[in-house]
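Start from the sequences, fold in the hints, and give me the full structure.
Number of protein chains: 2
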Amino acid sequence: MMATKGEENRARIVDAANELFYKHGFANTSFAEIARHAGVPKGNFYFYFPSKNDILAAVIEARVDRLRNSLAQWETAFDDPRDRLKRLADMPKNEFPLIMEFGCPMGTLTAELGKGHHELCDDAQQMFTLLLNWAEDQFRLLGRDKKAARTLARQLMVRLQGASVMAQAYQDRNWILDEVEQTKEWLDAV
Amino acid sequence: MMATKGEENRARIVDAANELFYKHGFANTSFAEIARHAGVPKGNFYFYFPSKNDILAAVIEARVDRLRNSLAQWETAFDDPRDRLKRLADMPKNEFPLIMEFGCPMGTLTAELGKGHHELCDDAQQMFTLLLNWAEDQFRLLGRDKKAARTLARQLMVRLQGASVMAQAYQDRNWILDEVEQTKEWLDAV
DNA sequence: GTCTATACCTTGATAGAC
DNA sequence: GTCTATCAAGGTATAGAC
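Protein chains in written order, with my numbering: chain A, 196 to 385; chain B, 196 to 385.
The set of hints was computed from the structure by calculation and includes no laboratory data. It should be emphasised that the depicted structure is a prediction, and the values quoted were computed from it without experimental measurement. Keep in mind that a hint or two might mislead.
No copy is singled out in the list; a pair is fine if it fits within one copy or between any two copies.
Computed list of lysine-lysine pairs in DSS-like fashion (alpha-carbon distance at most 25 Å, straight line) [claimed, not checked]:
no., residue 1, residue 2
1, K218, K247
2, K342, K288
3, K342, K379
4, K200, K237
Below you can see the structure in the form of structure tokens.
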């Protein structure tokens with residue numbers, strides 16, 4: 196389908212903001228930077244978005260959509276819930292160059308928004324909730340009761356987030372590679 | 196001993212900056228805010244510190260000192276290395292109201308400085324290195340060889356950081372309480 | 001040494017031409 | 001609809017009075 200110029204500009208702004216919010220942080224990304232990366236004059240931004248927060252909301256929405264697509268894709272690609280969970284556990288490894296440098300996109304965003312009591316803090320949670328619920332579903336399919344499945348999903352998330360924090364702190368991929376391997380062994384055992 | 200007025204002002208600036216860098220982030224903390232909290236006019240800052248980065252350096256130094264003191268204290272308080280490690284694992288629980296709201300002081304600072312390739316990124320690492328080396332020493336005292344001790348120390352850090360990230364994301368202390376309990380059980384087993 | 005006043009820049013946000 | 005020019009506010013850093 197043919198996108199209008201307006202829709203395309205909007206998408207370019209969101210794409211550029213998505214990358215810059217991740218790599219430089221939300222507060223440290225200026226309209227000027229987004230405008231330069233997107234090739235859209237910053238004066239135009241207020242035609243597409245009422246404020247900077249609204250750009251962030253669109254970015255979060257895009258990330259949630261992308262995540263939802265990945266999860267759906269893994270569900271069709273793998274029949275065994277255990278394989279699906281392993282694929283989730285592999286995510287940090289598959290993107291380690293970025294995570295090593297800038298941390299987990301979900302973890303670092305919620306961390307920044309949490310400080311300063313940002314209004315969009317709850318929106319950022321959605322990404323985690325999506326992953327947690329999906330992982331919980333997979334553990335239930337493996338025969339766990341609701342409480343146990345929930346606990347296991349949370350443990351999985353703690354591992355991956357912890358590895359991301361440490362990998363970024365030391366700019367060292369081994370934190371991720373080691374933890375992912377251990378997590379997959381753990382998934383085989385539970 | 197009697198501190199001079201200058202030393203006291205310097206200390207007040209560092210104390211105020213320490214708290215604000217933690218609660219609001221480094222980039223989002225202005226001189227005006229620090230000045231208000233410290234009770235020192237912001238024009239004075241450049242008499243004590245050449246730049247904002249130098250204030251941050253002093254803050255990191257203060258945090259490292261504080262951490263070193265805690266570790267030394269735990270060493271004298273507990274003879275069994277396992278008890279010392281449990282005390283370390285308890286740290287997030289003991290400060291959960293703050294961690295729940297603002298995340299781990301070490302993790303969130305390194306995360307922020309990592310983005311933007313900040314010059315003081317390496318300084319912030321020191322805090323982690325201090326804890327990692329200390330934990331490694333304790334595992335060695337428990338009879339582990341160097342490689343195993345190092346691995347265990349890293350696993351410990353991953354758990355605590357992961358729990359802090361999730362607790363802040365959801366503003367929910369249970370992420371910390373649950374993980375600390377599991378970590379202490381894990382410490383008993385290893 | 002301590003503080004006031006301010007310079008100079010960048011920010012998010014607007015106004016208005018076309 | 002798209003873009004240029006500009007705003008007011010707030011940031012770090014400096015100059016200079018006392």
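Consistency of the hints with the structure:
Both within a single protomer and between protomers do K218 and K247 lie at most 25 Å apart by alpha-carbon distance, with minima of 17 Å and 22 Å respectively. Taking identical chains as interchangeable, the C-alpha atoms of K342 and K288 lie at most 25 Å apart only when they sit on different chains, with a minimum of 22 Å there against 28 Å within one chain. Taking the shortest alpha-carbon separations for K342 and K379, both the intra-copy value of 21 Å and the inter-copy value of 21 Å come in at or below 25 Å. Proximity of K200 and K237 under a CA criterion of 25 Å is satisfied intra-copy only: 16 Å inside one chain copy versus 48 Å between copies.
Violated hints: none; the structure is consistent with every hint.
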